[in-house]
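Engineer: Listed below, chain by chain, are the residues.
Number of protein chains: 2
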Amino acid sequence: MSNQKTYHVAVVGATGAVGQKMLETLEIKNFPIKKLKLLSSSRSAGTKLKYKDDIYTVEEATPESFEGVDIALFSAGGSVSKRFAPEAVKRGAVVIDNTSAFRMDEDVPLVVPEVNEEDIQLHKGIIANPNCSTIQMVAALKPLDKKYDLKRVIVSTYQAVSGAGTEAVNELKDQAQAFLAGEDLTANLLPVKGEPNHYPIAFNALPQIDVFQENGYTYEEMKMINETKKILHKNSLNVAATCVRLPFFTSHAESVYVELGKSDLSVSVIQEELAKANGVTLKDDPTQQVYPTPLDAAGLPDVFVGRIRKDLDHDNGFHLWIVSDNLLKGAAWNSVQIAESLVKHNWL
Amino acid sequence: MSNQKTYHVAVVGATGAVGQKMLETLEIKNFPIKKLKLLSSSRSAGTKLKYKDDIYTVEEATPESFEGVDIALFSAGGSVSKRFAPEAVKRGAVVIDNTSAFRMDEDVPLVVPEVNEEDIQLHKGIIANPNCSTIQMVAALKPLDKKYDLKRVIVSTYQAVSGAGTEAVNELKDQAQAFLAGEDLTANLLPVKGEPNHYPIAFNALPQIDVFQENGYTYEEMKMINETKKILHKNSLNVAATCVRLPFFTSHAESVYVELGKSDLSVSVIQEELAKANGVTLKDDPTQQVYPTPLDAAGLPDVFVGRIRKDLDHDNGFHLWIVSDNLLKGAAWNSVQIAESLVKHNWL
Chain A
1 MSNQKTYHVA
11 VVGATGAVGQ
21 KMLETLEIKN
31 FPIKKLKLLS
41 SSRSAGTKLK
51 YKDDIYTVEE
61 ATPESFEGVD
71 IALFSAGGSV
81 SKRFAPEAVK
91 RGAVVIDNTS
101 AFRMDEDVPL
111 VVPEVNEEDI
121 QLHKGIIANP
131 NCSTIQMVAA
141 LKPLDKKYDL
151 KRVIVSTYQA
161 VSGAGTEAVN
171 ELKDQAQAFL
181 AGEDLTANLL
191 PVKGEPNHYP
201 IAFNALPQID
211 VFQENGYTYE
221 EMKMINETKK
231 ILHKNSLNVA
241 ATCVRLPFFT
251 SHAESVYVEL
261 GKSDLSVSVI
271 QEELAKANGV
281 TLKDDPTQQV
291 YPTPLDAAGL
301 PDVFVGRIRK
311 DLDHDNGFHL
321 WIVSDNLLKG
331 AAWNSVQIAE
341 SLVKHNWL
Chain B
1 MSNQKTYHVA
11 VVGATGAVGQ
21 KMLETLEIKN
31 FPIKKLKLLS
41 SSRSAGTKLK
51 YKDDIYTVEE
61 ATPESFEGVD
71 IALFSAGGSV
81 SKRFAPEAVK
91 RGAVVIDNTS
101 AFRMDEDVPL
111 VVPEVNEEDI
121 QLHKGIIANP
131 NCSTIQMVAA
141 LKPLDKKYDL
151 KRVIVSTYQA
161 VSGAGTEAVN
171 ELKDQAQAFL
181 AGEDLTANLL
191 PVKGEPNHYP
201 IAFNALPQID
211 VFQENGYTYE
221 EMKMINETKK
231 ILHKNSLNVA
241 ATCVRLPFFT
251 SHAESVYVEL
261 GKSDLSVSVI
271 QEELAKANGV
281 TLKDDPTQQV
291 YPTPLDAAGL
301 PDVFVGRIRK
311 DLDHDNGFHL
321 WIVSDNLLKG
331 AAWNSVQIAE
341 SLVKHNWL
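Protein sequence lines, in the order shown, are assigned to chains A and B. Numbered by the UniProt record's numbering, the letters in the first sequence go through residues 1 to 348 in order. Numbered by the UniProt record's numbering, the letters in the second sequence go through residues 1 to 348 in order.
Next comes chain A alone, as it looks inside the complex (with noise of 0.2 Å):
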């Protein structure tokens, strides 16, 4: 190991709830780290973040914050990811960007490492970790696609509300304890900070994340619809989508119906495929109870997969029920395999 290479690594939004657990995966999988800069707005300055045995004070971000960094872990929002990544890129960094800044951009390679790593290489300093709800969808469909021709996706998402950051976790927390106390629930954040109106999410379902778009879709259904299609680069391929904010901490799960290119399947083939997949569980056995839950499937890296049933009317049909930590293969888990892939093949 004493020969391995190391790399100046740099966590943008170190603070917040992706940053955390963007420091928790660096650690588990023993990142080739030379030295760690965390980076924040000027509200999180100063806060201190433990890294394996060091404390580490977290620095505002600057242009010059990036000098000499070679890879850049964004996960500070939009606006922030477009300010600094441009920047991070003229020092030399290579940036991989958890926001929807530069997802659908054309030289911005949008990557699970399942299902696409290959687009790495294409990369020009910056590649987008696509959305939550995309990456756990996409890890199971694709190899269904691969094998038996994806044609359409109809997706209902349950999703929990660290998906809003730390400030969502504390208001369900805050509205919960009220509730039971038999007070009256106060909602300033959820379904979306800037917008109008907040609603309460304790006991509550919110069919809104994000903002609404002209068609009546909010963005993150269009980010589910448009992302799919880029990564499984399928622009023919019907993707719909309904997401819905649910009072649980983490884990998204989804409601999935896929058609296929291929008639007269079986379950079980669809779940021999799916048990063979990386980063796939296939955790299916009704006889037994056996499906996945998003608190079962949180702290765990994998995607896991379970209710699969052939429709009852379409022969090329298939309804599944898809469950990952939204903080890890959704988000942090997944841009550290992707900074593993740029070491590993040495796409820097």
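Keep in mind the hints are simulated off the structure, nothing from the lab. Take the hints with a grain of salt, since some may be wrong.
Stated by the list, open to error - Listed below are the simulated DSSO-like cross-link pairs for lysine-lysine, each with C-alpha atoms no more than 27 Å apart in a straight line:
#, chain 1, residue 1, chain 2, residue 2
1, B, K234, A, K310
2, A, K173, A, K146
3, A, K124, A, K344
4, A, K52, A, K82
5, B, K151, B, K283
6, B, K147, B, K5
7, B, K229, A, K173
8, A, K37, A, K52
9, B, K147, B, K229
10, B, K310, B, K344
11, A, K310, A, K151
12, B, K5, B, K50
13, A, K82, A, K37
14, B, K262, A, K151
15, B, K310, A, K229
16, A, K151, B, K310
17, B, K5, B, K34
18, A, K193, B, K283
19, B, K310, A, K234
20, A, K310, B, K310
21, B, K124, A, K310
22, A, K262, B, K151
23, B, K173, B, K234
24, A, K310, B, K229
25, B, K193, A, K283
26, B, K48, B, K146
27, A, K276, A, K262
28, B, K90, B, K124
29, B, K151, A, K151
Dock chain B against chain A, hints included.
Structural biologist: Chain B only, in chain A's frame:
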């Protein structure tokens, strides 16, 4: 009002979650009651319940309890209905049964009054109240079927714990309290009382409602599939369902994809049909963040519909978000509506 005909009404399962709502609904609707009899298992017999200004003592149900009863509302589980409904019918009562015991029997009308009220007159003593998640869906879909010929339905549900009874409500409360206090969660009931495995519902999602069938679908999912076809008198309809239990107390929500027999329809014509439908309230304005949620719908008898969008690939496809109080329109309210129809049309 003095010469209005009045009826001897029995409520079986009066102490349960739905039974209580039946009493409330009879009172709100000022149902013409001559005599009221509250029945239950031996376990709950002796309980005192209030109806209008009187206190009633709940009696243990026996075959003889139904002597002289005109209308018997059952909601005490399938085995109670199977045992006592025929006894009630034998003694001249018309039974409105809220369990799944008789729903698919050819001789038993399965009724949502806004959808197929005329089926009531075909009864031979028993009329079945559909499953909660089915009722709200068909109430919203019937107007679209009537005008535009419904071809296909794919639904993913978001179902409240009260659908599993008062014990499930208490389990969610207890678990949520324990979780917030940092204690371990105990699961003794959900997803299904009689099953070997129980999983926490607080801050979680359970993709199992009722027991699994041989085809991998749960009984709840098969109820939605089969009941929808029966109520709409449409065996050719394609229906697929994924049913999920969630940590909220009241109201089921549903993400529903429909395909219609007509193309080139706009969102506004779909909204128009739903806005004028009986028992349906349109709550759909993304520009103002207006859409139904379970908390908002709780305590109200209507079926609320929002998030109506056209599928981006299929010109005859639409996505809807349907929410209703599972104990009211999904159970007690619909049952009492059936009783009202019986009386109004003299179909007893």
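Engineer: Does each hint fit the structure? Answer for all of them.
Structural biologist: Structure-based check of all given hints:
The hinted pair formed by B/K234 and A/K310 meets the criterion: a straight-line CA distance of about 21 Å does not exceed 27 Å. Pair hint A/K173 plus A/K146 does not hold up; C-alpha atoms about 42 Å apart against a cutoff of 27 Å. At most 27 Å may separate the alpha-carbon atoms for a hinted pair to count; A/K124 and A/K344 meet this at roughly 18 Å. Pair hint A/K52 plus A/K82 does not hold up; C-alpha atoms about 30 Å apart against a cutoff of 27 Å.
The hinted pair formed by B/K151 and B/K283 meets the criterion: a straight-line CA distance of about 24 Å does not exceed 27 Å. Proposed proximity of B/K147 and B/K5 is contradicted: the alpha carbons are some 37 Å apart, above 27 Å. Restraint check for B/K229 and A/K173: not satisfied, since their Cα atoms lie roughly 41 Å apart, outside the 27 Å limit. Taking the CA atoms of A/K37 and A/K52, the gap is near 14 Å; set against the 27 Å cutoff, the hint holds.
Simply put, B/K147 and B/K229 have alpha-carbon atoms about 17 Å apart, close enough for the 27 Å limit, and the pair holds. In summary, the hint linking B/K310 to B/K344 is not supported, as the alpha carbons are separated by about 39 Å, beyond the 27 Å threshold. A C-alpha spacing of about 15 Å is found between A/K310 and A/K151, which places the hinted pair at or below 27 Å, so the restraint holds. Between B/K5 and B/K50 the alpha-carbon distance is near 23 Å, which keeps this suggested pair within the 27 Å criterion.
Of the pairs offered as hints, the one joining A/K82 and A/K37 holds, with about 19 Å between alpha carbons and a cut-off of 27 Å not exceeded. Between the alpha carbons of B/K262 and A/K151 the distance comes to roughly 22 Å, so the proposed pair stays at or under 27 Å and holds. For a cut-off of 27 Å, the pair hint linking B/K310 to A/K229 stands: about 19 Å separates their Cα positions. Between A/K151 and B/K310, the direct Cα distance comes to roughly 19 Å. Compliance with the 27 Å bound is thereby established for this hinted pair.
A threshold of 27 Å between alpha carbons decides the hint, and for B/K5 with B/K34 the separation of about 9 Å falls inside it, so the pair holds. At roughly 22 Å between alpha-carbon atoms, A/K193 and B/K283 fall within 27 Å of each other, so this suggested pair holds. Using a Cα cut-off of 27 Å, the hinted pair B/K310 and A/K234 holds, with the two alpha carbons roughly 21 Å apart. In summary, the hint linking A/K310 to B/K310 is supported, as the alpha carbons are separated by about 25 Å, within the 27 Å threshold.
Restraint check for B/K124 and A/K310: the C-alpha separation of about 37 Å exceeds 27 Å, so the hint is violated. Note on A/K262 and B/K151: the hinted pairing holds, with a Cα-Cα distance of about 22 Å set against a maximum of 27 Å. As the CA atoms of B/K173 and B/K234 are separated by approximately 40 Å, the hinted pair breaks the 27 Å bound. Taken as a hint, the A/K310 and B/K229 pair is honoured in the structure, with Cα atoms around 19 Å apart against an allowance of 27 Å.
Our distance criterion of 27 Å between C-alpha atoms is met by B/K193 and A/K283, whose separation comes to about 22 Å. Straight-line distance between C-alpha atoms of B/K48 and B/K146 comes to about 46 Å, which puts the hinted pair past the 27 Å bound. The suggested pairing of A/K276 with A/K262 holds, with an alpha-carbon distance near 20 Å, which does not exceed 27 Å. Pair hint B/K90 plus B/K124 holds up; C-alpha atoms about 11 Å apart against a cutoff of 27 Å.
The hinted pair formed by B/K151 and A/K151 meets the criterion: a straight-line CA distance of about 20 Å does not exceed 27 Å.
Checked against the numbered hints given earlier, the structure breaks hints 2, 4, 6, 7, 10, 21, 23, 26 and satisfies all the rest.
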